[in-house]
Each structure stands twice: as structure tokens, then as C-alpha cells.
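Asks: Each chain is listed here by its residues.
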Amino acid sequence: MQTGTLAAPHTSLQYARCLNGIIRREALRWLNQRGRFISALVRPLVWLVIFAAGFHFVLGVSISPPYRTYIPYEVYIAPGLVGMIQLFNGMQSSLSMVYDREMGSMRTLMVSPFPRWFLLASKLLAGVAVSVVQAYIFFAIAWFWDITPPLTGYIAVLPALILSGLMLGALGLVLSSFIKQLENFAGVMNFVIFPMFFTSSALYPLWRMQQASLPIYWISQFNPFTHAVELIRFALYDSFNPISALVVCAYLGLFMGLAIIGYDPGRGLLARRGGGGD
Amino acid sequence: MAQLSYAFGARQVLHKVDLAVRPGDFSVLLGLNGAGKSTLFALITRLYSARTGRISVYGHDIEREPLAALACLGVVFQQSTLDLDLTVEQNLFYHAALHGMSRRAARLRIEEELSRIGLLDRKADRVRALSGGQKRRVELARALLHAPSLLLLDEPTVGLDMESRRFLLDHVRGLCRSRALGVLWATHLIDEAGEESRVIVLHQGRILADGAASDITQAGESIKGAFDRLTQKQAA
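The listed protein sequences derive, respectively, from chains L and W.
The first sequence lines up with residues 181 to 458 when you count with the numbering used here.
The second sequence lines up with residues -13 to 222 when you count with the numbering used here.
FYI, nobody ran anything at the bench for these hints, they're computed from the structure.
Computed from a predicted model, the values in this text were never measured in an experiment.
Think of the CB as a built atom: it goes at the ideal place given N, C-alpha and C, for glycine as much as any other residue.
Treat the hints with care, as some may be off.
Claimed, not checked - Residues on chain L that point at chain W, a partial pick, calculated with CB under 10 Å: (1) Ala196; (2) Arg197; (3) Cys198; (4) Gly201; (5) Arg223; (6) Val229; (7) Thr288; (8) Pro293; (9) Trp323; (10) Phe324; (11) Arg388; (12) Gln401; (13) Ile423.
Pulled out of the complex, with its shape left as it was, chain L reads as follows (with noise of 0.2 Å):
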């Protein structure tokens, strides 16, 4: 066999040998690490069977769009509980991408002929695959606990997965940029991921929000997991929340380019974190 034999890639068959190699490397990794697989599918039971039967009888929703009637709590919360599995899944990938990167396995990565841009995005996109399987089957269980939206919710509500997986992905992409070591990570537990989740609209409606705190509505309107939540609420139930839409596309953006600068080799942290291995 002679050497240099394979060009630099440029075909989109190519591309989508790429990607699709990706994908199934992030699926075997998750399937492998049965931990992390069940932690992510009892996580939000927990908070689903536990904490909202405790405040069934304390918080009332009233009608309130995209509801047509008065809802349990529990119905209330199933949206933001798979919102919350994707902002775990998003962060668990920017996790494993510090670890890869301590490990060194981030350098297979990064030295693939192919555009930075797309490594990021396959990665991006692997990780948003693995979070929507999740969410269905949440979805699949939740059902035994009477959330039981529209049938043609569980179609709709599948763009709107997909878009807030990516926003929540690369944000966690963004993280992992600019997280300089393994242990840091439990800073981004404490100061990103619960502060997202309880200052949004997941646990309580933005409205009783309103009237228990000002600035924490105002915050929780900019918390662009309030709107990943709404987005994926609106479509379960066969409705569609166009700002929420457009403000997840803005963070989307804003965190992609971000992310890019992050792994660009003359700027990002793998200039700056500086050294070697020798």
C-alpha cells in the first residue's frame, strides 16, 4: 500500500461518514457508561414522582397558554424536567469533552482534516442525539404519571428538542473552552446549571414569578433556558412560542461562535493554557 493515498476530505459523503462516525462513538459512550444513563433517566423522576406530588397540592396552575385548561402541577413541570435532561446532557458532553481533553483523546479530534467548525457541530449535534433518545423515553414513562399531551405533541415537540439541545449544547461547548481543568467542573454545577434551572420558567410559571420578585423575572426572561423550556412546552402541546423560538436561535449563535473561538488554535484556550506534555 503506498502512502498518502487519501486526500484532504471535501465530499459531502465524506462529511456525513464524519458525522455519522461521531454520533455513534457518542452513543456507544453512553450506552457503555451505564451510570450516567440511568442517573439521566432518574434524575428527573425523581423530581417528577417526588418533589411534584409533595407540591401537588400546594401550587395550582391556572389556564394559562399553551394550556386550554387547568393542569396539575405535575403536567406543569414534565416540560421543564426534559429541559432539565438536556441541560444535564449539555453539560455531561462539555464534561466528557474537559475530560477528553485532560485525557488527550480531544487531540483525535482536533487534528481530523476537516473543518474546526464541523468537528464542533458533529459534536455538538452527537450530544443533542443522545439528549432526544432520553427525552422520549422520559416522555414514555412520564405517561404512566397521567402527562399525557397530544399525540401529535410528541411530533411537534421533536424541532423544538432539537433546537434547545443544540443551544444547551453549546453552551456547554462554550464551558468546556474555557473550563482550564477537570475539577473546575463543580464551579459549573453550582453557578451555571442549578442557577439556570431555578431561575427560569421550569419549576413555576413566569407570571407568579413576577409577582414574588421583579429582578428575578427580569433575569429569568433573559435565562435562556426559560426559553429553551417554553419552546419545548409550546410544541408539546400543538403550539408554538415564536420569541421563545427566536431567542433559543440568538443563544444558539451567540454560543457556536463563542465555542469556535474557544478551540481556534490561535486564540482559545489551547493556545493559552500553554505546555505541552514535555
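Use these hints to put chain W onto chain L, whose structure you have.
Replies: Just chain W, lined up with the frame of chain L:
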């Protein structure tokens, strides 16, 4: 590469490095820890971007034509970059996909390279179950899957026993001859530079010597002796 310099902040890591590896060359880049070997590799593989100097791989400038340049490169990194929870074959298929290869072509190449390193019967095993030497061999097979023209190996034998080191060295030297593969083998283990190798001495980011082993040694001097003489002279 020509006149390549690189600094991390105020710390200058490489100073005007000039280096060329020709097809079929087995070039040993000798340097102590901290000499700048891994930084040099990170620049060639575009993990970092060079601000001064120029790197081209088989005529493709790494900044202007990064994709064509990277397609010519095979790399074995200092740290293992295999996914321990995946099988040998799954790791290799992933690499093939990252080079746009079809599953069919990849399967043929995987079998070819694994048989060459004597690990075909381990292709369905998880990488975690392999020994250190076997993992290194798999990394070498992976770096060769897409048939690169230039192979970079960064301290590939660190932590391996004598037999595994010998196997890797002989295998890569054989590839230079049979495939006219250009090889840049970075190491701090001086005995890996055989008498027939081309030796490049890198010390504190500068190239102190570059030539056939016989050219850089003085009468009756070993490569280790020449390395000590050159690096001490630089320190003085």
C-alpha cells in the same frame, strides 16, 4: 518547517526552528523533558497556531491549507488517546470516520494494520483489557489507517518494556523503508537513535545539531556522548 518560533506568554519555547523530514526518513528528535518537542508537535498538528515561521506538510501550508496538511499526517501522541471503554475496532472505526473513510474501506484497512501488529484477534476486546504495549501498537495502527505520508510520534515508548519498545522501533523503521513513510520520532531516550538514524538535537527550544548519527558524533563518541557535549556547550 522554517524559522518557527513560539512562546507561551513571556516564556519562549521554540527559537527559529528549521527542520525538514523527507519521504523515507527516520528522523529522531532528541531532547530532554521541556526541550519543546510536544510544543513542536502541537504546532505541526495545528493544536496551536504558529505566530512566526512557517510549517508545510508535503507542500501544504498548515495555516493556508490546514485540511490538506492534516490529511497527510498520522500522529501518535505522548498520552494515550484511545477510548478505554470502546473496543479496539470501534476506536479504529472512529478514527477512520474522522478521515472520511467508508466503513468498508475502513474495515479492510483495520484488518490489514491489526494483522501487521499482531493484534487482529484482539479487535473485539475493549482497549481497557490491553497491556500498555498493545495499546501503543493500536495507536500506531490507528495513526496509519488513513495512509499518511508523514508519521509523528511523540515519546511513543515511554512506560513500555524493552520488547514492546523494540517492536515499535523495528516496525516503524520497516515502514520507512517499505512505504517511503517520513517519520519524526520524538524521544528523550537516547538509545532509540540508532547509528543509521538521522538525529536532530533539540535543547531549550533550539536545534543544536541535525544530521546522520555519524555526522554529529566525534571519533569514538557515542550518540549519548555527542548529546551531552552539545547540550552542555549550549548551557555554558
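Asks: If a hint holds in the structure, say so; if it does not, say that too.
Replies: Hint check:
1. Ala196: 9 Å, holds
2. Arg197: Hint holds; Arg197(L) Cβ to chain W Cβ min 5 Å, cut 10 Å.
3. Cys198: Holds - the Cβ of Cys198(L) comes within 10 Å of chain W, reaching about 5 Å at its closest.
4. Gly201: Hint holds; Gly201(L) Cβ to chain W Cβ min 2 Å, cut 10 Å.
5. Arg223: Violated. Min distance 22 Å.
6. Val229: With a closest approach of 31 Å, the Val229(L) hint is violated.
7. Thr288: 5 Å, holds
8. Pro293: 4 Å, holds
9. Trp323: 32 Å, violated
10. Phe324: For Phe324(L), the interface hint is violated, since the closest Cβ of chain W sits about 32 Å away, which is over 10 Å.
11. Arg388: This hint is violated: Arg388(L) lies away from chain W, its Cβ roughly 44 Å from the closest one there, beyond 10 Å.
12. Gln401: 39 Å, violated
13. Ile423: 39 Å, violated
Taken one by one, the earlier hints fail for this structure at numbers 5, 6, 9, 10, 11, 12 and 13, listed in ascending order.
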